[in-house]
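Work out the full structure, taking the sequences as your base and the hints as a guide.
Keeping their order, the protein sequence lines are chains X, L and F.
Numbering (numbering that gives the first Met the number 0) for the first sequence: 0 to 651.
Numbering (numbering that gives the first Met the number 0) for the second sequence: 0 to 651.
Numbering (numbering that gives the first Met the number 0) for the third sequence: 0 to 651.
Source of the hints: derived by calculation from the structure; they are not laboratory data.
These numbers come from a predicted model, not from an experiment.
It is possible that some hints are incorrect.
Stated by the list, open to error - Below, in silico cross-link-like pairs of lysine-lysine (DSS-like), each with a Cα-Cα straight-line distance of 27 Å or less: (1) K328(F) x K328(L); (2) K169(X) x K92(F); (3) K93(X) x K328(L); (4) K564(F) x K93(L); (5) K263(X) x K393(X); (6) K564(X) x K328(F).
Unchecked claim - To spell it out: a stretch of chain L is covered by chain F in this simulated footprint if at least three of its residues, at any positions, have a beta carbon under 8 Å from a beta carbon of chain F; those stretches are: (7) 82-88; (8) 96-107; (9) 310-320; (10) 350-356.
Positions of the beta carbon are idealized from the N, C-alpha and C atoms, including for glycine.
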Amino acid sequence: MKLEEMKCFLHGADYNPDQWLDRPAILKEDIRLMKKAGVNVVSLGIFAWSTYEPNEGVFNFKWLDNIIDTLYKNGIYVILSTPSSAIPPWLSKKYPEVMLTKADRVRRIHGDRSFFCKSGIYRKKVEIIDRQLAERYARHPALIMWHISNEMYGNCHCQTCQQKFREWLKQKYRTIDNLNKQYWSAFWSHGYSDWDEIESPSASIGESTLSPLAVDYNRFYSDVSIDFLNMEINTVKEYNSDIPVTTNMFHHNCGINYQKLSDKLDVISWDSYPRWHCGTDKTTEWDNAVRAAFDFDYCRTLKQKPFYLMESVPSVPSQFEVCKLKRPKMHMLSAMQAVAFGSNSVQYFQWRKGRGGYEKFHGAVVGHDGTENTRVFNDVKEVGKKLTDISELKGTTGKCNAAIIFDWENMRVLEGEVALKRNKNFHEIIYKHYEALLKNYASVDIISVDDDFSRYKMIAAPSLYSLKPGISDKIREFIENGGHFVLTYNSGIVNENDIAFECFPPYSLNDVFGVECEETDALAADDYNEIVYAGKIYKALDFCELIHTSAEVVGEYATDFYAGKAAVTKKQYGKGAAYYLACHTDDEFLHDFYHNVISEAGVYKIDVDYVQDVMIKERNGHIFLMNFSTEQRSVHIDDKKYTLDGYDYLIL
Amino acid sequence: MKLEEMKCFLHGADYNPDQWLDRPAILKEDIRLMKKAGVNVVSLGIFAWSTYEPNEGVFNFKWLDNIIDTLYKNGIYVILSTPSSAIPPWLSKKYPEVMLTKADRVRRIHGDRSFFCKSGIYRKKVEIIDRQLAERYARHPALIMWHISNEMYGNCHCQTCQQKFREWLKQKYRTIDNLNKQYWSAFWSHGYSDWDEIESPSASIGESTLSPLAVDYNRFYSDVSIDFLNMEINTVKEYNSDIPVTTNMFHHNCGINYQKLSDKLDVISWDSYPRWHCGTDKTTEWDNAVRAAFDFDYCRTLKQKPFYLMESVPSVPSQFEVCKLKRPKMHMLSAMQAVAFGSNSVQYFQWRKGRGGYEKFHGAVVGHDGTENTRVFNDVKEVGKKLTDISELKGTTGKCNAAIIFDWENMRVLEGEVALKRNKNFHEIIYKHYEALLKNYASVDIISVDDDFSRYKMIAAPSLYSLKPGISDKIREFIENGGHFVLTYNSGIVNENDIAFECFPPYSLNDVFGVECEETDALAADDYNEIVYAGKIYKALDFCELIHTSAEVVGEYATDFYAGKAAVTKKQYGKGAAYYLACHTDDEFLHDFYHNVISEAGVYKIDVDYVQDVMIKERNGHIFLMNFSTEQRSVHIDDKKYTLDGYDYLIL
Amino acid sequence: MKLEEMKCFLHGADYNPDQWLDRPAILKEDIRLMKKAGVNVVSLGIFAWSTYEPNEGVFNFKWLDNIIDTLYKNGIYVILSTPSSAIPPWLSKKYPEVMLTKADRVRRIHGDRSFFCKSGIYRKKVEIIDRQLAERYARHPALIMWHISNEMYGNCHCQTCQQKFREWLKQKYRTIDNLNKQYWSAFWSHGYSDWDEIESPSASIGESTLSPLAVDYNRFYSDVSIDFLNMEINTVKEYNSDIPVTTNMFHHNCGINYQKLSDKLDVISWDSYPRWHCGTDKTTEWDNAVRAAFDFDYCRTLKQKPFYLMESVPSVPSQFEVCKLKRPKMHMLSAMQAVAFGSNSVQYFQWRKGRGGYEKFHGAVVGHDGTENTRVFNDVKEVGKKLTDISELKGTTGKCNAAIIFDWENMRVLEGEVALKRNKNFHEIIYKHYEALLKNYASVDIISVDDDFSRYKMIAAPSLYSLKPGISDKIREFIENGGHFVLTYNSGIVNENDIAFECFPPYSLNDVFGVECEETDALAADDYNEIVYAGKIYKALDFCELIHTSAEVVGEYATDFYAGKAAVTKKQYGKGAAYYLACHTDDEFLHDFYHNVISEAGVYKIDVDYVQDVMIKERNGHIFLMNFSTEQRSVHIDDKKYTLDGYDYLIL
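Structural data, given as structure tokens:
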């Protein structure tokens with residue numbers, strides 16, 4: 000069976016039978032329970048290296064042969080993982096250099112997972128074990144996908160990686176003089192005379208103030224990680240190029256540029272762990288749902304096709320300070336949210352709780368009691384049934400002609416900059432813009448600056464701080480051709496290396512937006528200014544730019560010494576419109592502002608006024624209504640009234 | 000004079016004449032002042048190693064001969080300390096390996112105290128100096144006790160200790176396969192192929208997620224420390240086995256299993272430093288007194304006989320963020336509390352403030368002024384007099400037939416577990432149960448799971464998370480035979496290695512308590528649910544278990560999705576009763592709940608309703624009334640009314 | 000032109016043309032803009048080492064020849080910096096030992112600035128580059144001052160420095176026995192048997208409890224730093240002893256005893272970065288202005304002559320958590336404050352924002368836009384004009400006959416002491432006393448204990464904790480001769496090595512003040528007692544001493560168990576008066592108390608009642624009125640009323 004030909008949603012879990020090999024009764028019971036729960040796929044072998052290869056070069060796959068055969072006979076497909084995210088102790092004992100060297104130049108010893116140097120022997124050993132796996136299972140009929148490594152992260156600073164970093168820099172800058180110039184290294188006498196003088200950044204014992212170096216090291220190690228994953232991909236593909244590959248992405252700040260990585264993957268998959276019920280006092284489930292939705296839209300955008308929810312927790316999580324039970328109906332609601340936003344699967348970590356290990360209390364389909372007589376098991380079973388009911392949605396997506404730029408490189412450059420205000424709140428701000436569009440029930444892609452702009456009517460670029468060559472022109476062209484573009488404060492200030500442009504920002508876009516930013520005032524977390532926009536008063540927050548403008552002033556500051564100055568501008572440019580927000584604002588402003596922008600721009604949306612806590616999303620013509628509050632909510636669509644109890648959903 | 004034959008309480012202090020050897024007038028004045036203060040014992044030599052042995056193998060005890068002789072002539076007995084808690088600089092300079100290697104594998108350099116590797120040369124050097132001391136003083140008539148080392152703590156991670164740890168593990172698990180199985184090490188590919196691959200845990204650079212390893216390392220180093228102390232004990236006993244030995248315990252989390260250590264000691268002694276007047280806004284002196292009382296009951300229980308208050312501060316402490324003067328009458332009150340709870344002594348750190356060093360401002364009997372004209376000196380003198388008045392109480396204890404299980408191993412396993420809620424508040428919770436019993440004026444032993452249960456009518460086991468083999472049966476038998484047992488949420492979940500049992504908790508006790516816990520909801524610090532018990536509403540806090548029960552439901556949850564479910568249950572089993580608290584609760588509930596339980600169980604108590612801030616304790620038939628508030632309080636006992644002003648006490 | 004002969008104030012900035020050498024148009028534009036802004040001096044070469052000496056022994060100064068010549072031709076003088084505060088990467092690559100070894104004994108790798116070992120090759124390399132610079136420019140007519148290094152800090156713990164430290168100790172204590180005695184090292188068995196056993200303190204891995212060692216290490220490294228700067232001074236002076244030298248001081252806790260360093264300098268200069276508008280909620284601009292004023296008075300006192308404001312920010316800073324724009328008029332106000340308090344200059348960091356580097360957004364005269372069309376540029380230009388208008392004030396100071404003792408050694412000893420209360424708030428308390436005098440519009444010197452007391456009518460010594468030999472007598476003599484001396488709690492407790500005196504404090508001054516302190520109560524931050532003074536009730540804070548006194552009790556505690564005891568005393572002694580404050584107090588008390596004291600003592604002051612937020616300062620007969628609030632304020636002087644709008648100033 001080919002993954003894309005499957006008619007049904009995937010429903011399944013990470014499965015770790017290697018922990019139960021001495022318990023055949025349990026392995027047998029697993030099959031019975033999986034069928035009962037409507038599970039049709041499991042992810043295998045993620046942490047099984049020490050079972051596969053208990054001693055160097057001694058391999059043991061018989062147990063896996065049995066497991067896979069049994070699963071297949073029972074109609075359960077397999078996603079097989081390469082085991083690179085956790086190595087056996089013998090490997091680090093014999094080759095200590097496989098362990099990651101931290102920025103403080105201390106090499107780790109064995110423990111936890113993911114802390115490896117991706118440059119040396121580890122890489123070779125991973126290739127060997129991957130090859131063994133692929134040779135044996137690449138053509139097994141149960142296999143529908145390769146799961147390459149697991150939630151990869153971790154940057155190494157060992158001497159081998161340092162040398163590779165220098166080579167990478169040489170490739171990029173050719174001469175040390177050019178690097179010095181691009182790094183503005185004359186500041187604080189940081190001018191290098193030779194490549195060998197370059198050391199990766201180290202906040203604790205070395206360089207922490209040369210931001211271009213930090214930015215490049217981040218790029219370098221993202222490249223190293225992608226190259227590593229690509230080595231794994233090529234290895235397994237050698238044995239059957241028809242099996243699609245994925246890796247489970249999990250965190251925008253894990254050190255890997257997912258937007259660059261996605262080209263290497265056939266399928267995007269995501270581990271989604273919203274803080275359901277576990278947020279702070281001020282966090283609602285709506286807030287959690289917004290962040291989950293953002294990640295789903297991000298994943299869907301990466302390949303403009305459905306993604307896979309590779310991991311989620313069927314009950315109580317284990318990684319938060321305080322871990323709450325999923326309230327009744329929340330499991331179904333959160334599963335349906337993933338589907339609404341384009342997932343082709345609902346998968347869990349994990350099938351059965353292990354008796355030991357760091358995640359032994361992390362919610363699983365089957366608990367330590369081993370029975371089906373639990374709320375959790377029933378919740379999972381119901382999701383399984385529901386997925387069968389709606390299987391016609393599998394493989395489809397919804398309509399979308401608006402986008403937010405959330406560019407990995409811009410994020411790294413901006414978050415590394417210490418001036419103005421230490422905490423740039425960049426993720427928060429991106430979420431706020433996204434939420435405002437969600438509340439307008441518009442569909443949104445989450446794109447990088449390298450993506451094709453022409454498919455959109457409107458693009459928002461909050462704090463597009465760093466502009467690499469060509470991006471200004473790309474924005475100009477987009478607007479010229481009729482696009483609506485929202486730019487904000489902290490945009491167009493530096494180039495791709497955090498080197499300031501010699502102008503009032505936004506660089507090379509002053510004429511397009513009619514804006515020149517002379518100064519920026521930073522506001523503390525509990526501080527605010529006010530703006531007046533369309534007759535209403537809103538809060539200005541975080542950063543307030545003092546701009547000179549030739550554009551139409553549609554919003555003004557209301558207080559402080561810059562009262563009366565432009566805060567929100569709009570300029571027709573070519574066939575399009577250029578909006579500029581000189582400050583961060585409260586949610587109400589963004590809601591109202593985008594309401595106007597998307598209506599002018601012709602952005603696709605569902606024509607409903609925002610109902611508090613209710614998320615609405617279209618997939619292949621079906622409308623999902625999802626109530627993230629505990630109270631009853633009513634939604635009016637096309638003169639019909641739909642009533643949802645707390646945590647209810649409806650698919651129209 | 001033998002310690003046990005002494006008719007009077009010990010009253011004395013740590014005495015460090017080695018700091019004043021060039022000041023004979025001061026040493027002479029000390030004797031005069033000691034007599035004036037009613038001091039009859041001093042602890043000598045705790046930090047005197049560099050004076051005893053100023054260079055390797057060069058010993059100097061003459062000064063001590065004089066001191067001890069003079070003290071003895073003046074009727075002051077001596078507790079002589081082995082000096083192992085602080086080494087001379089020459090030792091670490093010549094043998095750097097004596098210094099402790101931290102978990103980050105960095106070896107310390109000389110400084111502070113207690114940071115030593117207990118496995119190598121340090122151990123040999125300690126034996127030598129101990130032998131010198133014992134040979135010279137073991138039969139001196141002034142000597143009434145050995146004070147072995149001082150407030151020992153500190154775990155080493157050097158290669159020698161690693162190797163010893165591996166040997167310890169080999170002894171325990173015999174085969175690496177068995178260890179892997181017991182550790183559930185297949186999780187995250189942690190399966191070891193050889194003992195040599197095992198490294199002690201390291202949160203910063205190595206293993207931090209394999210909880211059985213951490214638990215075993217804690218056990219191992221507790222064993223190393225106990226073995227070290229035992230070496231010291233055997234060394235001094237060689238020269239006179241009649242002199243009792245003690246070591247001053249000071250902290251439940253110092254790394255040593257005191258419950259295991261106590262077998263090696265003749266006498267239990269404790270360093271008591273309550274935060275009198277130094278707590279936070281919400282902490283009262285009652286709260287401080289409860290914790291002090293807990294430690295006293297803990298010490299008394301260890302050998303079921305009186306303990307020694309080895310250190311306390313006669314005035315202002317030095318170790319807190321803000322150090323307050325002891326308010327008038329508090330010194331007497333706190334001394335009497337120690338006596339009420341079973342101390343055979345009131346001893347201080349220290350006699351005379353040193354002019355330099357880390358503790359030069361730590362309250363002492365004699366200050367830098369060197370006079371007797373101080374509030375502190377007078378307070379001490381009065382305690383001395385009082386101890387003489389009540390000397391008939393020396394050597395006695397009170398009646399007690401109830402216990403709380405506060406097991407060192409369970410504590411280490413529970414506190415190491417990160418899931419559900421990071422902060423398990425285990426100490427807090429134990430104190431809360433203890434306080435509820437104190438407020439009911441019941442006497443309580445603080446026991447381990449290995450102690451004899453049969454002496455008790457009632458045992459409470461808050462969060463008995465980890466059950467080693469046999470404990471379930473022991474509890475079952477206790478109840479069967481008529482005992483009343485209070486078990487709570489977070490009990491019976493894992494075995495002694497933090498490996499989850501394959502059942503709904505509590506393991507192997509479901510039938511006894513009629514309880515199966517399906518799920519546990521964690522509550523943030525500012526969150527609460529409610530329970531209804533005996534018609535009143537109380538708060539449910541921290542953890543709320545959702546249980547299935549066949550027992551009598553005596554309390555129910557009042558809100559959230561599990562409202563109406565059982566929160567407090569009671570089941571008659573055999574001749575006894577099994578109570579289960581599915582959640583943590585507020586103080587009022589525990590007070591009321593234990594009021595009922597101890598009355599049903601026939602627990603020994605003083606028949607008085609709780610008077611706020613007044614502690615009441617019986618010792619050998621005498622009743623101590625102690626008012627820890629600043630306001631007047633009245634207590635009615637047997638139709639008599641006793642009135643106590645602020646910080647007053649009465650002995651009936 | 001000699002610096003002292005210049006008739007005008009210096010107005011200028013750090014100038015880093017080495018960052019723009021490939022941009023001749025910008026260098027040309029700089030000259031035009033400098034003239035427009037009224038800039039008459041620039042500081043050059045601070046971070047230019049990697050440009051001066053791009054490879055070891057290869058020097059390149061031609062660019063600097065041009066820059067200096069061009070500046071000079073355009074009437075702009077030069078302060079030339081030695082480049083030792085930031086080394087080129089080749090230096091640390093070739094000689095890793097130049098990098099600083101931290102207290103944890105880890106040697107840094109290249110990065111940031113100032114992290115060097117001042118004992119070895121770095122010192123030699125600095126001498127070489129300094130010699131090159133001095134040889135070439137020492138007689139250039141543009142050169143008016145040497146700027147030695149830059150904001151020096153950083154203590155090294157490498158083996159070379161350890162050895163030097165031991166030599167320094169040997170020099171000081173002669174025998175190890177003497178050191179042991181002075182260090183009271185018998186405590187915790189710290190007695191050394193040989194110099195080689197001594198290691199510098201290390202909070203993380205070594206000695207952290209032997210306070211005399213810490214104090215001596217601080218002294219030692221201050222000496223090393225001063226000796227290093229002196230080497231640089233001697234090197235440049237060799238080539239022209241007429242050019243004055245300075246170094247830009249910046250922080251009282253940078254590790255250097257500025258009071259000792261000042262002897263080596265011709266001119267005192269200061270980098271002033273108040274948190275204008277960037278304070279916490281409770282901080283006003285008045286508070287910021289008080290701290291700035293304190294530093295200015297400190298600098299003026301060091302040589303009893305005008306100082307130079309070497310660095311300040313013309314607009315937004317970059318080093319705070321949240322960086323606010325300087326509000327309109329604040330730039331002029333803050334510049335005038337520096338002048339009022341005795342500065343001979345207003346200088347900025349920096350002239351032009353670099354495009355890269357850690358401080359690329361730190362406010363500069365010219366921004367990334369490169370134009371003169373900014374609020375900041377105009378603000379600077381106006382300051383330039385104003386400085387020309389008031390040039391007759393250059394070189395003058397105001398009258399002053401009162402002082403506060405703020406002694407570097409006392410600060411280090413006190414802040415290192417952990418007992419009583421961890422946070423001694425020493426800086427806060429000094430500022431509070433200073434502010435009280437400022438509010439009385441008195442002039443104040445900030446002196447060390449070594450300064451000449453005889454020039455003052457009144458001296459205040461808040462928390463003069465540590466008294467080295469002779470200081471008690473000096474205070475006694477000062478009072479005897481008619482001086483008014485204010486001493487407080489926490490005074491006269493230890494000697495210069497943090498060794499307690501054998502008496503009730505204050506040591507050797509009991510008779511002078513009529514005070515013996517028996518005990519000290521510490522108060523938490525939110526706690527207070529009360530005192531009654533002159534019929535009013537004030538707050539007692541932080542520390543409350545319980546004293547015995549033979550002096551006149553002018554203030555008493557009002558609550559707690561020591562209510563009624565003396566809190567403020569006054570004693571006539573000889574021709575003078577000895578005041579003792581037994582506790583810290585609120586601002587109102589200090590204001591009222593000093594009002595009385597300075598009136599009795601005949602302290603020079605401006606005869607105006609405090610007007611909130613208005614600072615008044617006399618310089619050479621001119622009165623500066625400065626309103627640090629945003630609201631209008633009126634000041635009455637000699638029957639005239641002066642009205643100042645928000646952030647206004649007036650010079651009378």
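Results for each hint:
As the CA atoms of K328(F) and K328(L) are separated by approximately 60 Å, the hinted pair breaks the 27 Å bound. For a cut-off of 27 Å, the pair hint linking K169(X) to K92(F) stands: about 18 Å separates their Cα positions. Note on K93(X) and K328(L): the hinted pairing is violated, with a Cα-Cα distance of about 66 Å set against a maximum of 27 Å. Note on K564(F) and K93(L): the hinted pairing is violated, with a Cα-Cα distance of about 55 Å set against a maximum of 27 Å.
Our distance criterion of 27 Å between C-alpha atoms is met by K263(X) and K393(X), whose separation comes to about 23 Å. This hinted pair checks out: K564(X) and K328(F) have alpha carbons roughly 18 Å apart, not beyond 27 Å. Residue count for the segment 82-88 of chain L with a Cβ under 8 Å from a Cβ of chain F: 5. That meets the three needed, and the coverage hint holds. Counting residues of the segment 96-107 of chain L whose C-beta sits closer than 8 Å to any C-beta of chain F gives 4, which meets the bar of three, so the coverage hint holds.
Against chain F, the segment 310-320 of chain L contributes 4 residues with a C-beta closer than 8 Å to a partner C-beta. That satisfies the three-residue criterion, and the hint holds. Using a Cβ-Cβ cut-off of 8 Å, 5 residues of the segment 350-356 of chain L lie near chain F, which meets the minimum of three, so the contact claim holds.
Checked against the numbered hints above, the structure violates hints 1, 3, 4; every other hint is satisfied.
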